[in-house]
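A.B. asks: Sequence:
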Amino acid sequence: MKNIKLFNKIAACGLNRLGDDYNAKEELKSYEGILVRSAQLIEEKFPSELLAIARAGAGVNNIPVDRCTEEGICVFNTPGANANGVKELAVLCLLLASRDVVGAIDWAKTLEGNADAAKLVEKGKSAFAGCEIKGKTLSIIGLGAIGGMLANAAIALGMDVIGYDPWLSVPAALKLDARVQITADLDVLFSKADYLSIHVPSTPDTKGMINASAIAKMKDQVKILNLARADLVNSADVVSALEQGKIKVYITDFPNADVIGKKGVIAIPHLGASTEEAEDNCAIMAADQLKGFIENGNVVNSVNFPALSMARCAAERLTVLYKDGTDLSAFTAKAVAAVSAQRKGIGYAILDLADSADALKNELEKLDGVIRVFRF
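The numbering of the sequence shown is my numbering, which starts it at 168 and goes up by one.
No wet-lab data here; the hints were simulated from the structure. Just so it is clear, CB atoms sit at the ideal spot from N, CA and C, and this is done for glycine as well. Some clues are possibly wrong.
Here are the simulated BS3-like cross-link-like pairs (lysine-lysine), alpha carbons at most 25 Å apart as the crow flies [as the list claims (entries may be wrong)]:
{"id": "1", "residue 1": "K303", "residue 2": "K286"}
{"id": "2", "residue 1": "K342", "residue 2": "K386"}
{"id": "3", "residue 1": "K303", "residue 2": "K359"}
Computed spacing ranges between beta-carbons, pair by pair [unchecked claim]:
{"id": "4", "residue 1": "V355", "residue 2": "E194", "range": "23 to 33 Å"}
{"id": "5", "residue 1": "A424", "residue 2": "L353", "range": "56 to 66 Å"}
{"id": "6", "residue 1": "I427", "residue 2": "Q348", "range": "32 to 42 Å"}
{"id": "7", "residue 1": "V355", "residue 2": "M168", "range": "49 to 59 Å"}
{"id": "8", "residue 1": "S523", "residue 2": "D491", "range": "22 to 32 Å"}
Throw the hints in and build the complete structure from the sequences for me.
C.D. replies: So this is what it looks like as structure tokens:
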């Protein structure tokens, strides 16, 4: 029986994928796997038997990824599983940024019980007039699963779309509508934006990328959408630009004390992936990836291990996490089948063995450069 610790509520359809050989609960002190959504694990002390963490979502800011690599713990995420849910919220945000629907609804509530409500509505509606998105330019930073879907949706709604993504993969590019313009110059992207939407992960290169300098290059009255991560935006600079009228509206799915309640801010409480479908998709993908690693050492959608999978061709299997440059040739030669891959200074190898793996495992663990050896 394998123990899986739950740090958040995980959809039943995902837990059911684990099967009867797994015990998935919150109240566990010893466990081989973790399923988590947004719970904070940065300070968590992990048991020595922990093999893998699966995050039911794309971002892994709540997981100590570097420490996990040092301890030989595989970290998975679920890219694309919640993409449609976030894309639909982004489309809604484009409309909310264009027309003061939120303010209008709040104002209409003040007319409750007023016999002249119908007349007052007609007189007061002009205060909430807005614009249409058709014909406007949407600039998108990041054209991956979410940004790409938003780009295509915006094209279908009659917008002009320009995107920036130096990491754009060939499969993602092939999914883009041919009318989506691509630029390698952020300044061009900023200058053309009537609306700007951010869809990149939080990294040292992207943190604070929307700041006073970037905002100065944008059109007056630009509307900014941030459904990615709070720290991609310098909150103080955004609030200042709102007060000066440079930014018309700032919509964020990651509100903090700096922006909540400020005029021009629409703060949404992290609802991007909060749909039944997205939660189910993320739970299923996370459970499948966790189970695939715990049972066979296969790695799919890991953020810290190289992607590598192999169908089993022997009863005994060892996998090895090692520093790139470590020579495993003497050990792979003893395997019935072996594959390996490298990523960012880390290597991972799968070795299927005809004989008992005990001796080989002991030898591998003594080899300089080997971080962890797994037996499946």
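A.B. asks: Indicate, hint by hint, whether the structure satisfies it.
C.D. replies: Taking the hints in turn, this is what the structure says about them:
Restraint check for K303 and K286: not satisfied, since their Cα atoms lie roughly 33 Å apart, outside the 25 Å limit. For the hint pairing K342 with K386, the CA-to-CA distance comes to about 29 Å; that exceeds 25 Å, so the pair is violated. Between K303 and K359 the CA atoms are separated by roughly 10 Å; this keeps the pair inside 25 Å, and the hint holds. For V355 and E194, the Cβ-Cβ distance of about 54 Å falls outside the hinted range of 23 to 33 Å, so the restraint is violated.
Between A424 and L353 the CB atoms are about 28 Å apart, so this pair departs from the stated range of 56 to 66 Å. Taking the beta carbon of each, I427 and Q348 are about 34 Å apart, inside 32 to 42 Å as hinted. At roughly 57 Å, the beta-carbon separation of V355 and M168 lies within the given 49 to 59 Å, and the hint holds. Separated by about 29 Å at the C-beta atoms, S523 and D491 satisfy the suggested range of 22 to 32 Å.
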